[in-house]
Amino acid sequence: MNIDKFILLLMCVLLNSCQYSAWETDIDCQDSYTANLAELAKIESSLAGDAFGVALLADIHVDLTDAVNVVEQIKQRDDVAFVLVLGDITDFGLAAEFEWVCKALSSLDVPRFYVIGNHDSISFGKEIFYENFAPFDYAFSFKDVKFILYNDNAFEFPGVPDYAFLADAAAIQADETRRRTLAVSHIPPVKDVHTEEEAANLRQFLFDEGIDLTLHGHLHEFVYWSDEFGVPHHITGRVKGGRYSMLFIDELGEASLQNCAGTCTAAVMK
Amino acid sequence: MKSCIATITVMFMLTSTGVGASSAGTSPQVAEGERDAPHHNYIVAQSAGYVGFIAVGMGRDFQRHTISALLGYVPEEIGGVELWQLSLKYEWHPFAAIPLDDPSNNIKLNPFYIGTSLIYGRHTNLFVNEPGQYPDGYYGPTALRSTLNMGLSLLYGKKYTLFIEYAALDTGVVAYVRHPEFFMDNYDFLGLEGIGSLAVGIKLKLE
Numbered sequence: 001m002n003i004d005k006f007i008l009l010l011m012c013v014l015l016n017s018c019q020y021s022a023w024e025t026d027i028d029c030q031d032s033y034t035a036n037l038a039e040l041a042k043i044e045s046s047l048a049g050d051a052f053g054v055a056l057l058a059d060i061h062v063d064l065t066d067a068v069n070v071v072e073q074i075k076q077r078d079d080v081a082f083v084l085v086l087g088d089i090t091d092f093g094l095a096a097e098f099e100w101v102c103k104a105l106s107s108l109d110v111p112r113f114y115v116i117g118n119h120d121s122i123s124f125g126k127e128i129f130y131e132n133f134a135p136f137d138y139a140f141s142f143k144d145v146k147f148i149l150y151n152d153n154a155f156e157f158p159g160v161p162d163y164a165f166l167a168d169a170a171a172i173q174a175d176e177t178r179r180r181t182l183a184v185s186h187i188p189p190v191k192d193v194h195t196e197e198e199a200a201n202l203r204q205f206l207f208d209e210g211i212d213l214t215l216h217g218h219l220h221e222f223v224y225w226s227d228e229f230g231v232p233h234h235i236t237g238r239v240k241g242g243r244y245s246m247l248f249i250d251e252l253g254e255a256s257l258q259n260c261a262g263t264c265t266a267a268v269m270k
Numbered sequence: 001m002k003s004c005i006a007t008i009t010v011m012f013m014l015t016s017t018g019v020g021a022s023s024a025g026t027s028p029q030v031a032e033g034e035r036d037a038p039h040h041n042y043i044v045a046q047s048a049g050y051v052g053f054i055a056v057g058m059g060r061d062f063q064r065h066t067i068s069a070l071l072g073y074v075p076e077e078i079g080g081v082e083l084w085q086l087s088l089k090y091e092w093h094p095f096a097a098i099p100l101d102d103p104s105n106n107i108k109l110n111p112f113y114i115g116t117s118l119i120y121g122r123h124t125n126l127f128v129n130e131p132g133q134y135p136d137g138y139y140g141p142t143a144l145r146s147t148l149n150m151g152l153s154l155l156y157g158k159k160y161t162l163f164i165e166y167a168a169l170d171t172g173v174v175a176y177v178r179h180p181e182f183f184m185d186n187y188d189f190l191g192l193e194g195i196g197s198l199a200v201g202i203k204l205k206l207e
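Just so you know, the sequences run in chain order R and P.
Going by our numbering, the first sequence opens with residue 1, and the numbers climb by one from there.
Going by our numbering, the second sequence opens with residue 1, and the numbers climb by one from there.
Please note that the accuracy of each hint is not assured.
[Claimed, not checked] Distance ranges between label pairs, derived from CB positions: (1) 135(R) with 190(P): 53 to 63 Å; (2) 204(P) with 191(R): 29 to 39 Å; (3) 269(R) with 132(P): 35 to 45 Å; (4) 141(P) with 37(R): 33 to 43 Å; (5) 28(R) with 92(P): 45 to 55 Å; (6) 132(P) with 265(R): 39 to 49 Å; (7) 131(P) with 163(R): 16 to 26 Å; (8) 229(R) with 118(P): 24 to 34 Å; (9) 140(P) with 230(R): 33 to 43 Å.
Honestly, the hints are just simulated from the structure, not real lab data.
No residue lacks a Cβ here, since even glycine has one placed at the ideal position from N, Cα and C.
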C-alpha cells in the first residue's frame, strides 16, 4: 500500500465526520414534540390522581455540564411528569449547539417540550428548531391543565406573539374540562423586546383570555411577581450553576413553584 | 455529522491521477529544507472543514507560513441551506518536509501544520452588523466564524500537495475546554468528533 493511500485510509477511519459549513442545518439528534406528546399521553394515563410536577429549564446557552447536572437532579426525583425547556438553548443558533444540548437532555426519561428563544432564532436556528424540536406555537393538555407554548421573540419574528393562536388555545371547548391554563414563552410580558405599551397590552390580553400563570426564561434570574391584573409570572433562572424550577399542580388544580439551586425552596412572589 | 468518506475518496482519486503525472521522469530526492525556498503562489481546492462542500482559491507560501483565500459553496441538498462562503486561512508549518523512503515516487511528508481560518458566510439570515431592530451589541456578527486547524500534507514532486486537516469550530473549542467530559461521553475520538470536521484538499504550485 502506498503511503498516501495509507494515510487517507487512516484518516477516514479516525475521523469519519465532515462539516461543510458552520451554518448547516442538519443535526444528529432530534427531540420532536410529536414524539414527546405521544410519550406524555402514556404518562397521563398511567399517573394516578390529578397532581403532577413539571421541571422548568431555562437559558441553557450551551452550558452543557450544568445541563447534564440538572438532568441528573431531575432524574433523582419521582415527581416530574415532563420538562419545559424555556428557550435559549444555544448562543448562536448553530446546528452544532442544538445538537450538543439535545444530547445533554436526551438522557431524561420524561418528555421535553421546548419554546424557542431569541438566541435560538438567529442564523438558521429557526429552521433547525422547527425541524427538530417543536413548532413556534403549540399547545397541549395534561391532567386538564392546558399548556400554551408560544413565540414572543419579537426582534427575530416581527409581529409575534400570535394573538389568534393564543386566543384559540386558551378557549375552553364545550366538552372540555379545564383546571388551569398556563402560558409559556421565552420572554416575559415586560418591556424588553416589546415596548411598555405592547407588553401591557399582552398582559391585559393574557388576563382576558383566562391565563392563570405564565412561565418564562430570558432574564437569567429567578423572579416571581403578579402583574396589575393579578396574573402571576414566573421566571426560571439560567441553568448555569445547576439551576431549575419546579411547577406543582395539586389535586385541586392549585399551582405552586419552587426554585432549585442545589436545594429547592418555595418561589416567593415579589 | 455527515460522513465524508465519499468526498475523500473522490479527492484521493483526483490526487492519484496527479501523482501518476508527476512521477514520470521523476528527479532524485529533493533535500530537506526545500520548504525554505523562495515564496510560491498556488491554487487550492478543499472540501469540508467548514469552508464549503467545495472551495477553491489561491494562496501564497512565505517560507513556513501560508496564507490563502477560498471561495466556498454549499448546495442546499448537502447543507440544508444554500451558502456561499469566503474563507481566509493561515497555516504555520514548523517542520521541513521529510522525504519518504520511496525515491521513485518523490513524495515528501510535511507531518504537521497548525493554522486558523476566518469564515464569512453570505446569506440573508446572517449579518456582520446588527439589523436596526437590535440595541447596540445585542449580538455579535452571525456571519463570521473561525476555526482552529491542524493537519498534514503530502508533497508530490514540486507542484502538487495533498493535505488532510482537522478543523475545530470556534464555539466548539470554547465548549470543549469548558465541558470536556460531556464531549468525551457523547462523541468519539476524545470528543473531537463533536466540535470539528475533517477536511481534504489539494494545492497546485504555480511558477
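Structure-based check of each hint:
Take residue 135(R) and residue 190(P): their Cβ atoms lie about 37 Å apart, and the range 53 to 63 Å is violated. For residue 204(P) paired with residue 191(R), a C-beta distance near 59 Å fails the hint of 29 to 39 Å. In this structure the supplied range 35 to 45 Å holds for residue 269(R) paired with residue 132(P), their Cβ-Cβ distance being about 37 Å. The beta-carbon spacing between residue 141(P) and residue 37(R), approximately 37 Å, falls within the hinted interval of 33 to 43 Å.
A hinted range of 45 to 55 Å is violated for the C-beta pair residue 28(R) and residue 92(P), which are about 32 Å apart. Roughly 42 Å separates the CB atoms of residue 132(P) and residue 265(R), a value that falls within the hinted 39 to 49 Å. Taken as a hint, the range 16 to 26 Å holds for the pair residue 131(P) and residue 163(R), whose Cβ atoms sit roughly 24 Å apart. The beta-carbon spacing between residue 229(R) and residue 118(P), approximately 51 Å, falls outside the hinted interval of 24 to 34 Å.
Separated by about 40 Å at the C-beta atoms, residue 140(P) and residue 230(R) satisfy the suggested range of 33 to 43 Å.
In summary, the structure is inconsistent with hints 1, 2, 5, 8 from the numbered list given earlier, while agreeing with the others.
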